[in-house]
Amino acid sequence: EAQVTQNPRYLITVTGKKLTVTCSQNMNHEYMSWYRQDPGLGLRQIYYSMNVEVTDKGDVPEGYKVSRKEKRNFPLILESPSPNQTSLYFCASSFGFNQPQHFGDGTRLSIL
Amino acid sequence: GENVEQHPSTLSVQEGDSAVIKCTYSDSASNYFPWYKQELGKGPQLIIDIRSNVGEKKDQRIAVTLNKTAKHFSLHITETQPEDSAVYFCAPRTPLVFGKGTRLSVIA
Chain A
314 EAQVTQNPRY LITVTGKKLT VTCSQNMNHE YMSWYRQDPG LGLRQIYYSM NVEVTDKGDV
374 PEGYKVSRKE KRNFPLILES PSPNQTSLYF CASSFGFNQP QHFGDGTRLS IL
Chain B
27 GENVEQHPST LSVQEGDSAV IKCTYSDSAS NYFPWYKQEL GKGPQLIIDI RSNVGEKKDQ
87 RIAVTLNKTA KHFSLHITET QPEDSAVYFC APRTPLVFGK GTRLSVIA
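Chains as they are written, first to last, in my numbering: chain A, 314 to 425; chain B, 27 to 134.
Some hints could be false.
Here are the simulated DSS-like cross-link-like pairs (lysine-lysine), alpha carbons at most 30 Å apart as the crow flies [stated by the list, open to error]:
{"id": "1", "chain 1": "A", "residue 1": "K378", "chain 2": "B", "residue 2": "K68"}
{"id": "2", "chain 1": "B", "residue 1": "K48", "chain 2": "A", "residue 2": "K370"}
{"id": "3", "chain 1": "A", "residue 1": "K370", "chain 2": "B", "residue 2": "K84"}
{"id": "4", "chain 1": "A", "residue 1": "K370", "chain 2": "B", "residue 2": "K126"}
What the simulated footprint calls covered on chain B by chain A, stretch by stretch (three residues with Cβ under 8 Å from a Cβ of chain A suffice, anywhere in the stretch; the number is not a length) [unchecked claim]:
{"id": "5", "segment": "54-61"}
{"id": "6", "segment": "64-77"}
{"id": "7", "segment": "85-98"}
Treat the hints as calculated values from the structure; they're not laboratory data.
Heads up, the beta-carbon is just placed ideally off N, CA and C, and yes, glycines get one too.
Based on the sequences and whatever the hints tell you, model everything.
Put into structure tokens, the structure is as follows:
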């Protein structure tokens, strides 16, 4: 089954404790991206990757890191999480720009 | 950058009625116009899309219409059912920019 898998689905942690949210897709997509979803603000892109070893900033990259060492995986790293990063996060993949996006089911992060 | 506006932000309709959501964009170079549906606890899922060389596309009860001159496209849902209740997003600059979403409630 074609899917984008995110882990964990839920996480409560404390300020400053490094965390990683994993994302994996099995559709051989070149393009992957991370979004955060906040009430009233919709989906905002954090980082994206057009292919292995190629990443770029989206609209809200501050406080986040990503890596793309393999085509299927695109982890999101919060080196020193802060409460304003409490949000619902989505990973997505596609064959490229202007192509249908496939989303994971989301990761709800709470930073205390 | 791309300016995307989606209206209305909330919409309540009676079961069986039609619903229309409009998305306005600013980038005249946009050529792909998708709509996504997000159900509670899930990620957005593509429900219909259209490319700029087509004015309208229909899939059962769902249709998308495009007015490239006026820079807007709309989602039309006919004969609404309770399972249509969800948040709907347009994304005229996929995958970079999404609309802020429309919460549709279908009242049985």
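In ascending order, which of the hints set out earlier in this document are inconsistent with the structure? The structure breaks hints 3 and 7; every other hint is satisfied.
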